[in-house]
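**Q** Given chain L, put chain B in place with the hints provided.
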Amino acid sequence: MGSQGGFYQSKEFLDLVKSIGEARSKAEEDRIVLNEIETLKRRISEPDIPKRKMKEYIIRLVYIEMLGHDASFGYIHAVKMTHDDSLLVKRTGYLAVTLFLNEDHDLIILIVNTIQKDLKSDNYLVVCAALNAVCKLINEETIPAVLPQVMELLAHPKEAVRKKAIMALHRFYQKSPSSVSHLVSNFRKRLCDNDPGVMGATLCPLFELIARDVNSYKDLVINFVSILKQVAERRLSKAYDCHQMPAPFIQIKLLKILALLGSGDKQASENMYTVVGDIFRKCDSSSNIGNAVLYECICCVSSIYPNPKLLESAADVISRFLKSDSHNLKYMGIDALGRLIKISPEIAEQHQLAVIDCLEDPDDTLKRKTFELLYKMTKSTNVEVIVDRMIDYMISISDNHYKTEIASRCVELAEQFAPSNQWFIQTMNRVFEHAGDLVNIKVAHSLMRLIAEGFGEDDDNADSKLRSSAVESYLRILGEPKLPSVFLQVICWVLGEYGTADGMFSASDITGKLCDVAEAYSNDETVKAYATTALMKIYAFEIAAHRKVDMLPECQSLMEELLASHSTDLQQRAYELQAVIGLDAHAVECIMPSDASCEDIEVDRDLSFLNDYIQEAIEKGAQPYIPESERSGMLNISNFRNQDHHEASSHGLRFEAYELPKPAVQSRIPQALIASTEIVPVPEPMYPRESYQTTMPSIPSDAGSAELKLRLEGVQKKWGRPTYTPATSTSNSTSQKTVNGTSQGDGASTVSSMRETYDSRKPQVEVSHEKQKLAASLFGGSSKTEKRPATGHKAAKASSHMVEKSHVPKSSMEVASDKAASAQQPPDLLDLGEPTATSTALQLDPFKQLEGLLDTTEVASAVNGAPAASISPDIMALYVDTAAGIHNKNDADLLSGLSNPSVTNMPGTTAMPQVTQSSSKRPNPKDSLEKDALVRQMGVNPSSQNPNLFKDLLG
Amino acid sequence: MIHFVLLISRQGKVRLTKWYSPYSQKERTKVIRELSGLILTRGPKLCNFVEWRGLRVVYKRYASLYFCMCIDEDDNELEILEIIHHYVEVLDRYFGSVCELDLIYNFHKAYFILDELLIAGELQEPSKRTVTRLVAAQDSLVETAKEQTSSITNIIAQAAK
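Chains as they are written, first to last, in UniProt numbering: chain L, 1 to 955; chain B, 1 to 161.
Keep in mind that the hints were calculated from the coordinates and are not lab data.
Hints should not be assumed to be uniformly reliable.
In silico EDC-like links for lysine to aspartate or glutamate, alpha-carbon gap of 20 angstroms or less [stated by the list, open to error]: (1) B:K45 with L:D361; (2) B:K26 with L:D104; (3) L:K403 with B:E51; (4) B:K26 with L:D361; (5) B:K30 with L:E46; (6) B:K45 with L:D357; (7) L:K26 with B:D75; (8) L:K548 with L:E576; (9) L:K367 with B:D74; (10) L:K80 with L:E46; (11) B:K109 with L:E65.
Have a look at the derived ranges for each label pair, beta carbon to beta carbon [stated by the list, open to error]: (12) B:R129 with L:S121: 37 to 47 angstroms; (13) L:Q416 with B:D74: 18 to 28 angstroms; (14) B:T41 with L:D278: 38 to 48 angstroms; (15) L:R42 with B:K26: 22 to 32 angstroms; (16) B:D72 with L:D437: 53 to 63 angstroms; (17) L:K189 with B:D72: 20 to 30 angstroms; (18) B:D74 with L:A239: 45 to 55 angstroms; (19) B:D74 with L:C590: 33 to 43 angstroms; (20) L:N215 with B:D74: 19 to 29 angstroms; (21) L:N35 with B:G37: 26 to 36 angstroms; (22) L:E46 with B:D74: 48 to 58 angstroms; (23) L:L191 with B:D74: 42 to 52 angstroms; (24) B:D72 with L:F73: 27 to 37 angstroms.
Think of the CB as a built atom: it goes at the ideal place given N, C-alpha and C, for glycine as much as any other residue.
Chain L extracted, bound-state conformation (with noise of 0.2 angstroms):
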């Protein structure tokens, strides 16, 4: 296949990649990436390279960018490289942009005018390759320059470029599904093609579509029923077999298809029973992609509407996945039963120690899609202990963005299912102190809204009793020294807000506690903030309730720090604070409200209350405001403005470098005079200043009003409606109340926000409730399914040994076709050892068959071998690794020598086939010849005992 002829680099790249591989630590590798970069530079801006040395430049730039330098200055001549007519130097120049160029490049614009004629060209291959860079380079702006051709493209007869073109359509709808809505039927057009690979590939964009709009494709059921029927009967060639699995990925695309149109679709489903069962009962679970297409069963019997049958078979596979020993299947077990316990939610039951024994499995990802599942089986009778463990878990981590994931889901399954108020609050205070400030802030708000408005039940007495239990256990919290901000806020708005609602605390106390989380916590703006609100809602309950106000000394003097702050925020807060005290008890409870945090606010659009003053201002000969849309000067610049929006809208590409927005104003009057919409200015270029001044006093005029409302005008955008401006020194009072109810805004945003959280959850809720009615006795309840593996882990241990015994002969007889299978092997030895893959092998042709043999005897020499064979793992792996599949190498010396004598010691018998088989599957001897030049070109005796100058190259 002439691959080994591909080392036609020059010494200098081989050099530069063997001094990479060399390099001893990250500081030496930068170093010599660096002296190349320089290198490059030099050398790429010199004039008339010859193509070749110019692709071997684009292709070290590629090597370069892929070590995560910057090849920026390069990318220019990746371009030009496509436009070359070779098909070798235009080929590396497409992938060399397809892997430099994100879609929103600006050099894009310079490749579509060749992507545009590559693509009418009559060599296939170039058209493949200009189709691939269309898939990764075609943004939303430029799909319109080459949609027309890809659309012709459809009807290639290349089955690879009609793929292709399948492909980059796909990627159009993407990207902008209405630049190609229009063409939808092309998709199903495709799906009838001669070829299994275009049909193939056109379930990509089918799939997409159907998920997008379930409804317009009810009509291709049957189509795709029987697709899939052909399919697994093994209609199509045996080159789409994998594993002995008919076209599996094919396969696969149709029942993620069919799981979408079954959804909740009896009629539809009652298409699929047959053929799915079928592939239940013909998928063969022994290798890794018969459980592939297995596990896209469950997932499609979970999703249609369901069947008594398949959920049986469909039981029946996760229990074998739960059974197992690969990890790898245990995983796809959980998941799976996470999807189906939705429907029938009795088979949790048989497997809750399996669930547990993955729940305590070291294996971090297993853990975590355990939680995954008790996060969806999570009812009122178990939510402690798991959201307990989660919390726990989620000590434990120190991944971010899990920790936060978790943090959430802890939160919403506390809100949800909360035993009982104590509870909630002390789950919430233990998540926020562990996940401090990863907790997402709006958590934050809701937690504060619940506390707020309650449970919901109109019990106004729990209600309190949730609150006065939570000033309490936060006043509690505020003892430990270094709480995260989100907490914080949390903790002051309570505080704020409810700490003397009970009367358990004086006013006295929480000040002083809400001054000392000021002082502690002084860098923190936010945390300020709410301690300023939740003083000032103090003070303020206290004068409304006619109490004496007795000001702290401490928070007299950090109000006095407020006062000088440097935030603004702060600042307002402070003098707010010290207006709200001066005030009387009734102009008080006006502004403050107590408890009301849940109160809608109702925002006066119109300005209704400024009426009287506005009567009052005309009747004093004010002018009366004129809407924006009627004042006729405004009419004219608005509309110019948007004009030129337009023009910048249409042309992509404009970046308004040469906005005139000064003689706008100055070409109304010849617009005025001529009265034509396409006025094109043509401002002396000189003094465009001076007549804007100039034409200033003519506006007036042409207005009709005061000069300096029309100034105004003239500067509208940037400083607001002059007219406003007696509104905004009343509207103060508006904005005050919305200030100090900063929280209630927030509280207001967080409304929605939750409601949204609330409807995507309430599908789940609904089933919950299912599940609640129909699971009572399921999991046996929260205690039981803890206590469970406390009192019966020996049971489950025991069990899960006989299980491990009674597959242990199974699998041992599955294997014992290759005698290879051990426990020390790496676990991809164990998986490509498996049947199937030497028995693929054996279907395809005789020699396979000899290497299949070969490699399990080579396989077992290592094994058997010399203890020297955990030395070199790396490199025995890799022999042995490929041994399965395909095997053979025909520098096998080179490997040898690398490795250990053991191998190189191989039995005459087994070398003898060997060479046979190289010859026979590469009649090129040749090309090992070059590859052994090389590594001796580069300064390495191939054969040598000395493995270690390998280990540096190989990285």
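**A** For chain B alone, coordinates are given in the frame of chain L:
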């Protein structure tokens, strides 16, 4: 959809990167660093999947090379594992029992092959034979082109004499 493909050696050296979703150069470096920290430290008997930033990374070790693909949460992990194996098998056919050295020195070829296998983050061709044939067709074209250019330069060189 596959968001990116990474080939990392056991020592954390990058052998191949292909990004199907947009990542800036800075993000790429970060992703690689994070993932190699995550994957290379995992024990041999654990799952071949890792959860990472709400996505899932499926990896498989072949000799000293880790093949990683990052996918969405609702994709089929076992299928991706098979795609990785698929890729390795095609590489193996192409290079004739591939080893890490082949990929180090011929990374661009590995890219060409990957481009025939995956496109826009999806598997485009489930048949190994077709992929191999296509790549071979391109290579043979390249070879003939090379011969042509060399013969033309020869002619020119002779004419110049």
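**Q** Now, for every hint given, state plainly whether the structure supports it.
**A** Hints, one by one, checked against the model:
1. B:K45 with L:D361: Holds, at roughly 11 angstroms.
2. B:K26 with L:D104: holds, 16 angstroms
3. L:K403 with B:E51: Within the cut-off at roughly 12 angstroms; holds.
4. B:K26 with L:D361: violated, 35 angstroms
5. B:K30 with L:E46: violated, 34 angstroms
6. B:K45 with L:D357: holds, 15 angstroms
7. L:K26 with B:D75: This hinted pair is violated, its Cα atoms lying about 35 angstroms apart.
8. L:K548 with L:E576: holds, 19 angstroms
9. L:K367 with B:D74: Since the Cα atoms of K367 of chain L and D74 of chain B sit roughly 18 angstroms apart, the hinted pair holds (cutoff 20 angstroms).
10. L:K80 with L:E46: holds, 14 angstroms
11. B:K109 with L:E65: holds, 16 angstroms
12. B:R129 with L:S121: 37 to 47 angstroms: violated, 25 angstroms
13. L:Q416 with B:D74: 18 to 28 angstroms: With a Cβ separation near 23 angstroms, Q416 of chain L and D74 of chain B satisfy 18 to 28 angstroms, so the hint holds.
14. B:T41 with L:D278: 38 to 48 angstroms: Given range 38 to 48 angstroms: holds, Cβ gap about 43 angstroms.
15. L:R42 with B:K26: 22 to 32 angstroms: Given about 26 angstroms between the Cβ atoms, the range holds.
16. B:D72 with L:D437: 53 to 63 angstroms: Once the Cβ atoms are compared, 28 angstroms apart, the range 53 to 63 angstroms for D437 of chain L and D72 of chain B is violated.
17. L:K189 with B:D72: 20 to 30 angstroms: Because 28 angstroms falls inside the window, the suggested range holds.
18. B:D74 with L:A239: 45 to 55 angstroms: violated, 29 angstroms
19. B:D74 with L:C590: 33 to 43 angstroms: At roughly 53 angstroms between Cβ atoms, C590 of chain L and D74 of chain B fall outside 33 to 43 angstroms, so the hint is violated.
20. L:N215 with B:D74: 19 to 29 angstroms: holds, 21 angstroms
21. L:N35 with B:G37: 26 to 36 angstroms: 27 angstroms Cβ-Cβ, so the 26 to 36 angstroms window holds.
22. L:E46 with B:D74: 48 to 58 angstroms: holds, 51 angstroms
23. L:L191 with B:D74: 42 to 52 angstroms: violated, 23 angstroms
24. B:D72 with L:F73: 27 to 37 angstroms: holds, 35 angstroms
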